[in-house]
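Model the full structure from these sequences, guided by the hints.
There are 6 protein chains.
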Amino acid sequence: MQTTQTIRLSLPSKGRLESNALEFLAAAGLRVLKPNPRQYQANLPALPELGVIFQRPADIVVSVRQGSVDFGITGLDVIEEKRGDNGDILVLHDALGFGHCALTLAVPESWQSVTDVASLKDYAATLDRPLRVATKFPHLTKRFLDGQDISHVLIAAEGTLETAPTIGYADLISDLVSSGQTLQDNRLRSLRDGVIQPSQAALIANRKALQTRPEALEMARRLLEYIEAHLRAKDNLLVIANMRGESPEAIAHEIFTQTDVGGLQGPTISPVIVRDGGAWYSVSVVVRRDRLPQAITELRQIGGSGIIVSPVTYIFEEEPPRYKAMLEALSSKTG
Amino acid sequence: MQTTQTIRLSLPSKGRLESNALEFLAAAGLRVLKPNPRQYQANLPALPELGVIFQRPADIVVSVRQGSVDFGITGLDVIEEKRGDNGDILVLHDALGFGHCALTLAVPESWQSVTDVASLKDYAATLDRPLRVATKFPHLTKRFLDGQDISHVLIAAEGTLETAPTIGYADLISDLVSSGQTLQDNRLRSLRDGVIQPSQAALIANRKALQTRPEALEMARRLLEYIEAHLRAKDNLLVIANMRGESPEAIAHEIFTQTDVGGLQGPTISPVIVRDGGAWYSVSVVVRRDRLPQAITELRQIGGSGIIVSPVTYIFEEEPPRYKAMLEALSSKTG
Amino acid sequence: MQTTQTIRLSLPSKGRLESNALEFLAAAGLRVLKPNPRQYQANLPALPELGVIFQRPADIVVSVRQGSVDFGITGLDVIEEKRGDNGDILVLHDALGFGHCALTLAVPESWQSVTDVASLKDYAATLDRPLRVATKFPHLTKRFLDGQDISHVLIAAEGTLETAPTIGYADLISDLVSSGQTLQDNRLRSLRDGVIQPSQAALIANRKALQTRPEALEMARRLLEYIEAHLRAKDNLLVIANMRGESPEAIAHEIFTQTDVGGLQGPTISPVIVRDGGAWYSVSVVVRRDRLPQAITELRQIGGSGIIVSPVTYIFEEEPPRYKAMLEALSSKTG
Amino acid sequence: MQTTQTIRLSLPSKGRLESNALEFLAAAGLRVLKPNPRQYQANLPALPELGVIFQRPADIVVSVRQGSVDFGITGLDVIEEKRGDNGDILVLHDALGFGHCALTLAVPESWQSVTDVASLKDYAATLDRPLRVATKFPHLTKRFLDGQDISHVLIAAEGTLETAPTIGYADLISDLVSSGQTLQDNRLRSLRDGVIQPSQAALIANRKALQTRPEALEMARRLLEYIEAHLRAKDNLLVIANMRGESPEAIAHEIFTQTDVGGLQGPTISPVIVRDGGAWYSVSVVVRRDRLPQAITELRQIGGSGIIVSPVTYIFEEEPPRYKAMLEALSSKTG
Amino acid sequence: MQTTQTIRLSLPSKGRLESNALEFLAAAGLRVLKPNPRQYQANLPALPELGVIFQRPADIVVSVRQGSVDFGITGLDVIEEKRGDNGDILVLHDALGFGHCALTLAVPESWQSVTDVASLKDYAATLDRPLRVATKFPHLTKRFLDGQDISHVLIAAEGTLETAPTIGYADLISDLVSSGQTLQDNRLRSLRDGVIQPSQAALIANRKALQTRPEALEMARRLLEYIEAHLRAKDNLLVIANMRGESPEAIAHEIFTQTDVGGLQGPTISPVIVRDGGAWYSVSVVVRRDRLPQAITELRQIGGSGIIVSPVTYIFEEEPPRYKAMLEALSSKTG
Amino acid sequence: MQTTQTIRLSLPSKGRLESNALEFLAAAGLRVLKPNPRQYQANLPALPELGVIFQRPADIVVSVRQGSVDFGITGLDVIEEKRGDNGDILVLHDALGFGHCALTLAVPESWQSVTDVASLKDYAATLDRPLRVATKFPHLTKRFLDGQDISHVLIAAEGTLETAPTIGYADLISDLVSSGQTLQDNRLRSLRDGVIQPSQAALIANRKALQTRPEALEMARRLLEYIEAHLRAKDNLLVIANMRGESPEAIAHEIFTQTDVGGLQGPTISPVIVRDGGAWYSVSVVVRRDRLPQAITELRQIGGSGIIVSPVTYIFEEEPPRYKAMLEALSSKTG
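Chains as they are written, first to last, in this note's numbering: chain P, 1 to 335; chain H, 1 to 335; chain G, 1 to 335; chain C, 1 to 335; chain B, 1 to 335; chain S, 1 to 335.
In case anyone wonders, no lab produced these hints; they're calculated from the structure. Fair warning: there could be bad hints in the mix.
Stated by the list, open to error - Here are the simulated lysine-lysine pairs, DSS-like style, with alpha carbons at most 25 Å apart:
hint, chain 1, residue 1, chain 2, residue 2
1, S, K14, C, K34
2, B, K136, G, K14
3, C, K234, B, K234
4, C, K14, H, K14
5, S, K136, P, K14
6, H, K136, C, K14
7, B, K136, G, K136
8, S, K136, P, K142
9, G, K142, B, K136
10, B, K14, G, K136
11, B, K234, C, K14
Unchecked claim - To give an idea of the interface, some chain S residues facing chain P are shown, with a C-beta separation under 8 Å as derived from the structure:
hint, residue
12, R56
13, D59
14, S63
Note that CB positions come from ideal geometry on N, CA and C, so glycine has one too.
Structure below.
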């Protein structure tokens, strides 16, 4: 039944990254329909020509690089670890706003003198052997430590790295940190400047697919358009206030003197009829969600009342900047 | 405390159909308040005169037919199996948009020559005994197979029909299929034209209740009004764009040339004041959710910018067609 | 990382009250970010200077009274039981709309003659010992029974009070009742007029903090503003209809004759261009959610069509009445 | 991989009956190995020629009657409801000791005058219509009520029968009752002599299979042997005591005077060497678990000390009486 | 149905203490049968005259003290906190072997100079106010701190005490500690000698019930007998070895020279017939579970082979010492 | 508190392998005490000098090879994949009886001509590129395919390999298979002779630790002794029967003629006193659990009656063969 699906998007196959990715897409109007919880394939009814598959985060990068999958959503951590250097991975959007964490160096709390990379280097110099660093990210960790000229050996591990220093099979770790609670539970501490790779979910694509298949390029445009319009909408609210004024122009002038209610391109102003007469206008303006209290204060100061705030689902701009960036990246190199 | 509740609505008492029904009603503004998860009675605060009870899907049909319950939401599969022929069940709305499945004939994958009903009939003719068909829906299955003139005996079963062919107590099954995964897991395959009854959740009522009790008829009108307005809203979005133009009429003319932004009865156009002057207008239009990308493209082509998309909770039409259909059905036959 | 947090809000640390409080705040635009489910501290990104901690409901009252915490959300039941009489607890908002229950006297179902407080008193008079009342709320229960002049001894208990009469270590109980199901399961019945303290979630503050720390007072204002604007929005919807009319004033006149579509300060009326010409206007009005059916009927009666209903996130009034009440309370007594 | 499995045992496919059946078999040394929780087929390593399948309780009876399955473990309730009258269902063991419940008539608590079947009949006589009885067991219920000469109509239902009297689509119910808690929660009461069919798990077989296939008959013998030896062991304990005495015979004589330590066929008595010399003997005896305190008292009275109690896994008797009963049943009728 | 139950045992009503108590009793042959997980009453089939009820741990102490319940199993922590001084609580067994924890003083990790009670006292002396101690155990905590002459105020709390020092409403806490993990998670540390009350589950009884009701006294004897016999069995194993020797006496002599295989009162020695002839004996001996490796070594050293180890369910001694202690306590004071 | 723990055992940190390992050790008398479910360290009270840590299966092999951990229990699959060739991993026990699976080659079901390794090789020869094989076990897979001279490239993957052929990034997979259900669900089929590595849980040790630290060697001996004695006990039962006979020797002679009741070194025979007199003997014999029915039959044939079967906890042999094997392996090579 999926014969029309000629383009593929790979999503994380389990845990919080999966549920966050599904919620993010649903909120952007791209609900994924998984016919069965045990199945690793799904549909996306709003984009019927897109087949969805589920893979482990790192496998997504491998599949997109290889070209068996056209698009993927996964963490920047594994993207940077696994993207390789042939340029086949194109990062279309690097800030989807979920899955935040950072690949970070962490040392035992008891190493009181080691608080940053410099003091780690000093400490390493006092040892008669290289530092032993346990990690699931050997590529990024090696590049970082080499860049700092710190002598080390990497100890590859599958999981529960946090216990490595206690057990003694490593001196310190290079691991993903989000809230820091797990580090603290295991009496570890991240180095002040020890972030090797900040990470959040990103949208990637296979370069050759975009260069050679027009329908994949069009899909990239639509995915970016939906995602950008959704992310912009998420951070804004539509505010509607009633204001008394001599004319729409007079009210607009008042509004333009304010910082937070300038809006996207200018307020919409319509006349309102009130019970007790008088020249009233309804003013609609889009404001940033985190500036709402300030906007309400400004509107009140210039006479706004009966202020209603509504949600917005999408805000479409002229042309998404990331789409332009993608086109440039595509033309800059012929795969 | 429920003494004022003179009308009854029965909902499915467990599983996905229950949670989907509760979500559907809540989204339609009719949140059900269950004082206790173990209880089989509930209130619907927006319609205080309506008492809600929970029953198994098939028991709902029996209760509505019998008249001990006035309204019910359950699947078309059990409605058709159990409605009987006295006309006491009235289907007010047959497409609530959830609980999709289909009563379908399925045969072992190994029956390579049997792919549709015709080849099933051929196969049956080669046997020296009738086909044995396991099902939980004897009425519909018999009617279908008799209609196709296929000799068979029905084997009634409570559940896990899918194992019947393997175990050997039936040759094939007539069972509800949604994603087809369970069939596949059990190495069964549905016949290409083997759908006996397509199904989704529906709203039914007891005919006599509507004919004899005006408050039940009024409740039918309100339930249909809420449900229709909600279903219409779910499929549409409110799009607001700014457009430069000589006059509202000129803009409207531009819009009328487009396919997807025609809207319900025509756009709302208001003047907008912009920082840099010029004759700008705000255009509001309702568009179908699945045509949003096309609508955005159209608006951009005629100069739209700063496009905001907002959700809608209800869209009320003049008079719901299904309400009219119900009135006709009621007058067509005096119970 | 929380060094800038100088003000503290305490929330319930478990159960339904916790999840309801978190949902309420999120819906009001004040999403709490708990870095870890096991942690008892959290952030509130929209109000970065506010540190959130989690405590048991009664401990919240103690901490706010003591001043180690500035604000708290907890039930009126424990607020009244634990607030003491020094006036240090200020109730900023006493109806947050969740956590409804009531501290109530309940007797065994078998006490057929005891149905209200008066008959309880009669019954008590027939005993040669005081009534034994099991409760977790000794202060409120004693005050109530003393006020009724009923001779009693209180039996303090930790939990599962409902079994006390069966086991025999108390005659009746004074306990929190929400749906009444637990009482019924244990064959108890509440007295008709036996409500000692009705309860729902409330916002409290430490009086001295508001009096001496301006940033705490400003935080009180912002919390109240968000909460009030959210609660008002929750109960209203934005209704937009198209109406044919001679002029905006004529339409407004029509609307003012109606009961439910009067709106906050008057409708917003804009001209609409329709395909078939004619003088049409778009009318926007805010109506109460529970009056929606009536409002739709009214709009239709005066010619409204193509009615769209949208959600609202906040409705800000001139100045929240509860904020004014708080200022009065603060000045009325110098802690 | 199951090609050698020529005999089939069907077990309940879900809920408590499934887990109890699996625990029972495991405790009897017949652990079922389910390769996958989603699968409906399993192995029983101790009896490799036995294939295990999982079905709904009532479907088990149908399959065994039909002969597609040789053996089944399910409740006597559905066995009696569905066994039919052709004698093809043979009950090999009717008291496996789990799954206890009873098909019982229950009426609303408010029917104060109706406490037994006789008063139900009186009540029915006062009505001008037959009693409406909701049930999932029409065959047994009808037979019982007809036997009592009570006029009634049956209302078939799928589930949650307990709400039928409240909702009003039945007057009373005939349903499975175990602890009675669900009845009480729904304000129903069972009739004192209203048990239609007491039930617990039972082992059934297809008569023809036992008559015509020697390997099925041998399997019946082994299943019964394991089950009987396990059930007997479960109720007994092995008690070993040291006793001083002149001779084994003297001690045995003492023991034979006691009630509870007579044992299976007589005690085992061995000499024991003690540090301080003296003629001591070790006495082993099997006693019933529920008579253990009495047995300990008896042993002490005749000088027993250092009493050790050990578990037993099986107790094999000469020849299980139920096996004999089965052979008789088989010969009594030629299927 | 519980009319014959004239004696009452109260068990903890939730959490790990409940499940541990139920497991303990079941292992001791006293399985509790809870007809329904939501119910607070249960039966104990092995002791049919004993009714079981479930209460919060502290409520158990209150009920036993009061006499509405005869026996209780709960933690020593709440027993000591709530037993009062009238001697009505009799502790029959103070070491049931589960529910281990200790009421302990804990201070912030950052108080580096405070490591024991003496240094806490020094620290307190440097403050110009009493120490603030948060606790759920005011009675025991006050007695302990008064005994150490440390000036303090107690801050009563319901829960999550561990956050009190961070939040600032207490300086230190007196709380139950089991693994210490929760303290560590909250950056607290227990004082080296800060244990106020070590605790584990204990069996208590109402003194007057035992003094005045012979059936309660007999129940006390049976509970103690079962519990003691079970606890002793849990710590021992039955070891059976074959040994070659000239006579039973010679073998016994060998065994008596060993430390760990001395056994309860001496080994049981029986002749064994072996295939290859020779004088062999089977030796049975009870050894402590934690000395099993040593016992095996000893047996091998004196020629033991073919060593089998079996579980024991009970070991009954002449007369349980705790039962004697109870009788003495009862006679020492006339309630 | 773990200062005396100088030896380390690493166990799997999650999933079924963890729970199975904990159950296995508990059944062998080596219960692991995890103070906290979130903690990765634990104690083993029966062996107080052994510290337990939890790691991912493959990390266990790395840690034991490296020497930071002395002993580990994990699957043979990861042991063989990761053990390296320096001989530092010593497999003490390779059949702990749980965690069964096999690293196996599996191809799409649709490859009808490919059923074994030979036909896979034929198929590979028809391609103009090497076979692409997805696996988490590159070392073992490469060795196997190279050994078969099959041209291939390996595609490393993190998980959900089963979808690789469908998605198209590999042609076939080399993955762990236990029941085969997951393969079947994904329409894959294992090759008939495609098992690369059979696997179950095994006990490994670090060779150098055993060679240089006597306490580690002694711990190896004790772990093996407990494990072997437990595994042997698990497969046997103690059978006790009463038999009439002229003398113990006569009975023994009868028994020696039988196949299954020969027992470990010969039966224990004691005289039994019966009520009705006569020369009776009690015969104890250890028989294999899976031969129990045969043993019962044999005992009955030679006159056994009143047969009791008891569980055994351990069976200790002279000297465990695996311990001898270990000593040999240690001396064969000086690490």
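* Ascending list of hint numbers which this structure does not respect -> Hint 11 contradicted; others consistent.
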